[in-house]
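Undergrad: Line by line, the protein sequences are chains A and B.
Position one of the first sequence corresponds to residue 58 (the numbering used here), numbered consecutively onward.
Position one of the second sequence corresponds to residue 58 (the numbering used here), numbered consecutively onward.
Honestly, the hints are just simulated from the structure, not real lab data.
You can take every hint at face value.
It does not matter which identical chain is meant; a pair holds if it fits inside one copy or across any two.
In silico DSS-like links for lysine-lysine, alpha-carbon gap of 30 Å or less:
hint, residue 1, residue 2
1, K238, K140
2, K174, K301
3, K174, K325
4, K168, K325
5, K413, K314
6, K301, K168
7, K413, K313
8, K208, K314
9, K301, K243
10, K314, K296
11, K314, K207
12, K313, K208
13, K207, K325
14, K208, K140
15, K313, K325
16, K313, K207
17, K208, K174
18, K268, K301
Below, each chain spelled out in residue letters.
Protein chains: 2
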Amino acid sequence: MKITRSDLEELDNRDPLNQYRSEFNIPEDILYFDGNSLGALPSATVHRVNEVILNEWGSNLINSWNSSGWYTLSETIGNKIAKLIGADDGEVVCVDGTGLNINKVHAVALKMRKNRKVILMEETGFPTDAYITQGLIDQLEQGHIIRFIKKDEILDAITDEVALVSLTQVHYKTGHLFDMKTITQKAHAAGALVVWDLSHSAGVLPIELNKCNVDFAVGCTYKFLNGGPGSPGYLYVSKRHQGKQIQPLTGWWSHKKPFAFEQNYRPKNDIGQFLSGTQPIIALAAAEVGIDMVLRADIALIRGKSIELGGIFIRLIQEHLIDYDLDIVTPRNGADRGSQISLSSPNGFAIIQALKEVGVIGDFRSPDNMRFGFAPLYTRYTDLWDAVKKLQVIMENDTWRAERFNNPIDVT
Amino acid sequence: MKITRSDLEELDNRDPLNQYRSEFNIPEDILYFDGNSLGALPSATVHRVNEVILNEWGSNLINSWNSSGWYTLSETIGNKIAKLIGADDGEVVCVDGTGLNINKVHAVALKMRKNRKVILMEETGFPTDAYITQGLIDQLEQGHIIRFIKKDEILDAITDEVALVSLTQVHYKTGHLFDMKTITQKAHAAGALVVWDLSHSAGVLPIELNKCNVDFAVGCTYKFLNGGPGSPGYLYVSKRHQGKQIQPLTGWWSHKKPFAFEQNYRPKNDIGQFLSGTQPIIALAAAEVGIDMVLRADIALIRGKSIELGGIFIRLIQEHLIDYDLDIVTPRNGADRGSQISLSSPNGFAIIQALKEVGVIGDFRSPDNMRFGFAPLYTRYTDLWDAVKKLQVIMENDTWRAERFNNPIDVT
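Isolated chain A, as found in the complex (with noise of 0.2 Å):
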């Protein structure tokens, strides 16, 4: 039996989650299956930013550092961002951007393996991960590389030259799921240290960094967080790791006393000595919304429909668009996977062009990659068949031979 429209729209109606809907602000001629890019706009965060903006800076002005809780925001958002990925109440902090927090946790952990040299990632990670790991190599010249390693070797590779193993738990292009906890266990038997980017996984599926024993992780709050267009990253460092090593970008935020205005630097000696510098606060609380829509919601739920959705895409693929050159690069496993389902197609770039004309929103990663995301607290069940219904039109027809879809774009 093929799956009809019908039985997505009784599904939709039957979906515990399908209340959150309404609380984001998304046009109604879109489809939108970017949310692992970037999130949608929750509409709490319009009365949100306007506050931030009108009362705590226009009003209050200087006085709100104390008054509004700005100086501790970072603090304030990473607690609630633990809730969502397994830590605990001063183990995070939402601050500056994904890279920058790579930077600081490889720093730390390289000062913890003084002896080892070798730092482990998956030779198809998100390339800013390895790209701020080279810079910092550059950097310390303490003739250290990195090893990429192919997904299925990972275990294998982890030896005792391996000072750190630092992956990306959904992979931003295929969606695989990487297992935390072998790897993480493997990576400590060898006295290795891990380091988890999150920014595919927190928010929609369940993690446990503490339950893993994990070292270190970042993440960012601009994908299914919701927090907003380039909104802060965030970083954990476990309880037993802080006070320790040093991270090497000191700005006053991380020191001891910042208003004491000393001479010399001296470190705080928890999470806060992650911090850096001043904050962007209008883009904290935009992303403390977001947050705190997705710490109300089940994550069991979140994720029981995340997989249900990856599930009914794929089958809608096979059952319209068998005829056609997409093949299926994300794991048919739902246990296997991220929340997104990628296709590869060596027409794929012209292809998310295509569907952006008739309201379908994906993205593209280059060589092949076309991504399709999905954000449970938003993406209804029937979106899936529609999306569908619009892809197989456009291969059908040719659509995306045009020229206006063969263009390149800055951002893809």
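Chain B: place on chain A using the hints.
TA: Coordinates of chain B only, in the frame set by chain A:
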């Protein structure tokens, strides 16, 4: 002849900048003298931020990276800041925070002077500039040192050991204006490079980086540029130094082709290499509004009014508060100071708190510094009178001695 309030009313009426005040949302019951710490809210910012959130994020979603210019916003705003600081297009980006930007330019400058190990800084300069440099030095492990110098001994201290002279153009505590041209010349003559922190000068006095042949500069946008709490910083790299040494925070936005998702880092060879990761777009957009307003105003008029405000404030202090132990630590000569007057008093902390209670907002910098900043776009001449009279009442009645003004607060 003592100054009278009607003299000041007359000055307000004749002030060619007086139309700008109506473009800010400033509470009627506040006399705000802390624009040197957090600038006031431009009304246009409210509109612009709502447009970014509702239209660009809410409606256009991920497409806005291209269609709303998000992807190039750091450069777009950087080019606007360039006009305020005497730089050219392609020499400034608005990105990250001041401290992180110091890290980047110091790292590059030290690479350019491999054989020199001394960084000169003024001994009482803004601490984060030194803290972040100490973090960099510790990370490099190449034997660099910061040599802290008294203001008047800087020129003599520039020897051929010096790699880098790193100074704030206007001193955050005292308001002293440093001689950018002479110090830069002396540094270059000795083979050293210069970094100027413009945080307390940009937007309030004419700055000529290129005419002074400056190498690098950094600054923040939340003071006299009215960009909002914690709004992004900026950095300037002279064209002649671009494309040579790599700044080490090598996130994907500094990569030659970010959306090629290559495995290995390849630097941009222009100012874009000084970007790092994804930027907080809402915060950038808010900052742009404040910068646009300063660009519309005549910087010569701003500087003229700024000096006059400072001079009148000093006279009012002398005419009304001579009996109290309030030392004026800012230069009396207008050409030697930025846009603040600082008074020192062992009771400074409590006096500033007592002033806040009657609606006069200055701030306190440990151990004894009371700062009063003047923002010519919104500070009125009569504000000076009204503030000094309120201060006089507090001093006459010893109001500041009350316990409620002597409790510690986080952010001073």
